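Undergrad: Protein chains in written order, with numbering that gives the first Met the number 0: chain A, 0 to 330; chain B, 0 to 305.
Any given hint could turn out to be false.
Said to hold, decoys possible - Derived Cβ-Cβ restraints for the label pairs, each shown as a range: (1) B/Glu42 / A/Trp233: 57 to 63 Å; (2) A/Ala23 / B/Gln259: 42 to 48 Å; (3) A/Arg84 / B/Leu157: 50 to 56 Å; (4) B/Met262 / A/Ala23: 38 to 44 Å; (5) A/Ile308 / B/Ser205: 25 to 31 Å; (6) A/Asp98 / B/Met262: 40 to 46 Å; (7) B/Leu4 / A/Asp162: 16 to 22 Å; (8) A/Pro70 / B/Leu99: 47 to 53 Å; (9) A/Trp233 / B/Ile9: 35 to 41 Å.
Worth flagging that the hints you see were computed from the coordinates, not collected in a lab. Source: prediction; values computed, not measured. Even glycine gets a Cβ: it sits at the ideal position worked out from N, Cα and C.
Residue strings, one per chain:
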Amino acid sequence: MPEARPSVVAAAVKPAAARQSGGALFAMLAAFVIVAPWLAPYNPGRQFDGYPYARPMRPHLVDAQGSWHAPFAYPLRLVDPIERRYEEDRSRRVTFSSDEPWFLLGSDSLGRDVLSRVLSGARLSLGVALVSTLLALSIGAFAGAAAGYGGGWLDAALMRIADVVIVLPAIYLVLALRGALPIHLTDAQVFAALVSVLTLVGWPTAARGVRGIVLVEREAEYAEAARAMGAGSWRVIVRHLLPATRGFLAVQATVLVPAFVMAEATLSFVALGFAPPAPSWGVMLGDVAAVQVASESPWLLAPAGAIVIAVFVLHSAGSGRDPLLWGRRDT
Amino acid sequence: MLFFLVRRAIAALVLVFVVTSGAVLLAGLSPGDFASQIGRRAEDIAQDRHRLGLDLPASQQYMRWLRRAVTFDFGESFQYQQPVSGLVRERAANTAILALCALLVATLLGIPAGVMTGSRRHGLLPRLVRGLSLILLSVPPLIGSLVLVTIAARTGWLPVSGMAGPASFVVPTLALALPIAATLERLQSQSIREALQRPAAMAAASRGIPGARLVWHHAWRQSLGPLLAIYGVIVGSLFSGSFAVEMVTSWPGLGALMRQALMMRDTYLVAGCAAAGAICLAAGVLAADVAHAFADPRARGAAGRA
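Could you build the full structure based on these sequences and the hints that come with them?
TA: Below you can see the structure in the form of structure tokens.
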């Protein structure tokens with residue numbers, strides 16, 4: 000059977016660069032998840048009356064008279080509610096502190112600001128992915144280390160379980176596990192449910208890799224030296240062997256986080272993840288599931304852009320300046 | 000080779016047993032069932048439960064199902080009142096067709112593009128292709144299909160949903176194929192560059208063999224190893240990708256059926272879908288491994304041992 004089947008990208012990712020940037024990137028993403036909702040200009044649930052499907056309002060610096068201002072937009076007015084036609088009022092200016100809204104990325108069917116929802120959604124979408132990744136990697140690291148260091152029946156049992164999970168089609172496994180939970184849950188419950196499901200699916204590949212590294216490293220002289228000085232198994236594993244798996248785990252993180260972001264989006268999209276009105280990226284994409292909505296209001300695809308950016312950043316961090324992805328410049 | 004195939008087949012059977020048992024047990028243990036849908040009278044619910052055997056404890060439901068399953072009778076769907084195997088077979092075929100088309104398109108786009116960018120470093124076209132690949136690598140099928148559906152709907156060039164006629168294949172196939180094509184392009188690019196730097200390639204070049212023949216005839220064959228090795232991985236990503244694409248484009252595939260079955264708590268249908276998914280994945284990975292073994296003699300030993 001394949002040793003690990005985490006994602007196509009895993010094959011394209013090399014450890015060296017990720018080891019350098021992985022931890023820092025993880026911290027930055029976590030910081031972004033915490034800060035992003037505060038950057039939102041409006042409350043993600045706030046419905047502006049009379050602004051359904053408002054188009055994005057372009058920022059300006061110079062007004063109609065040719066004088067300069069801090070960035071502003073011209074307010075929109077709904078002139079035809081049936082055709083949802085808006086008119087720009089060039090005589091006034093709006094900023095984020097005006098009474099009238101400035102929809103930088105447009106508004107949705109209920110007149111909610113898309114930008115605010117995308118930023119607030121980072122906490123749910125990226126948050127689920129980050130927490131699940133952290134848990135999956137921790138469990139995988141300890142299971143793998145225990146299997147590799149302990150050997151015997153523990154090794155056999157853990158690796159058989161890991162193998163079964165690895166050969167299952169991941170998305171069907173996630174679906175079946177999610178389906179076994181009640182359909183209707185609160186946001187916090189969904190968060191916990193998604194994290195547990197994704198952790199269950201994600202730990203085996205990490206465990207397999209860590210086991211392989213530990214099997215080699217435990218025979219190394221430094222590990223033997225630690226044992227000779229009377230260190231117990233626990234200390235040898237935590238102090239000496241797990242640090243050797245850091246690079247591998249960093250690469251795994253750059254593979255798992257994008258995969259989990261997509262898993263959340265897919266599950267919420269099919270109404271098995273977060274439920275409206277929670278501003279998760281998957282829930283927001285669910286709004287454009289109707290073809291007509293997407294084609295009339297393409298700005299509602301903004302969360303798709305957020306996902307692509309997040310995935311791109313993580314992939315580039317994983318590959319760094321790795322020749323496989325960027326093309327070698329040395330010859 | 001035969002021994003290897005038999006071993007794989009037995010492993011697949013065990014897998015199907017584990018998956019279906021898991022699905023049926025999980026459904027039996029979790030709250031709610033098919034009969035208890037919203038807005039029904041209590042006596043109707045009780046009657047349905049009794050008729051479908053849902054009033055039994057989870058362990059007994061499982062034993063009843065298992066007794067039939069060993070004769071390859073996977074029960075009836077609650078909602079369709081048809082045998083699960085028939086329903087699943089039809090939908091699984093649709094998913095498999097989509098996946099095969101995507102694999103074919105990805106291969107036909109990715110490999111030549113990779114050979115091109117790998118053998119020609121400078122110039123506008125290789126740069127463009129390389130940049131496009133890097134972007135497409137980050138556009139998962141869910142996003143890709145949403146964007147393509149939006150474009151198709153705005154322009155009216157292509158049908159946006161369902162499975163009817165060749166034109167309806169374009170959007171789902173492309174959404175599924177493009178990120179894989181990008182992966183193949185990057186890998187092929189890397190491996191052909193390495194093949195061209197080998198002494199053998201240099202010797203061929205010094206004998207005066209022209210560039211195109213050198214690339215395609217000498218280097219390309221050597222560069223195929225790592226590429227074929229990745230196909231097993233790609234089969235897995237096709238699966239998760241096709242679920243998202245099926246949802247967006249209303250493709251009548253396995254993923255759509257499984258989601259619907261889950262929402263309706265149609266236990267045996269869920270189990271059937273999960274089993275079909277596991278079989279398709281196992282078969283796909285097996286096919287990839289066999290192809291790899293045929294193309295690369297060094298992989299044969301590994302495949303035999305697996």
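Undergrad: Each hint: holds or not?
TA: Evaluation of the provided hints:
1. B/Glu42 / A/Trp233: 57 to 63 Å: holds (60 Å)
2. A/Ala23 / B/Gln259: 42 to 48 Å: holds (43 Å)
3. A/Arg84 / B/Leu157: 50 to 56 Å: violated (28 Å)
4. B/Met262 / A/Ala23: 38 to 44 Å: holds (41 Å)
5. A/Ile308 / B/Ser205: 25 to 31 Å: violated (47 Å)
6. A/Asp98 / B/Met262: 40 to 46 Å: Given a distance of about 43 Å, which is inside 40 to 46 Å, the answer is holds.
7. B/Leu4 / A/Asp162: 16 to 22 Å: holds (19 Å)
8. A/Pro70 / B/Leu99: 47 to 53 Å: Holds, at about 51 Å.
9. A/Trp233 / B/Ile9: 35 to 41 Å: holds (39 Å)
Checked against the numbered hints given earlier, the structure breaks hints 3, 5 and satisfies all the rest.
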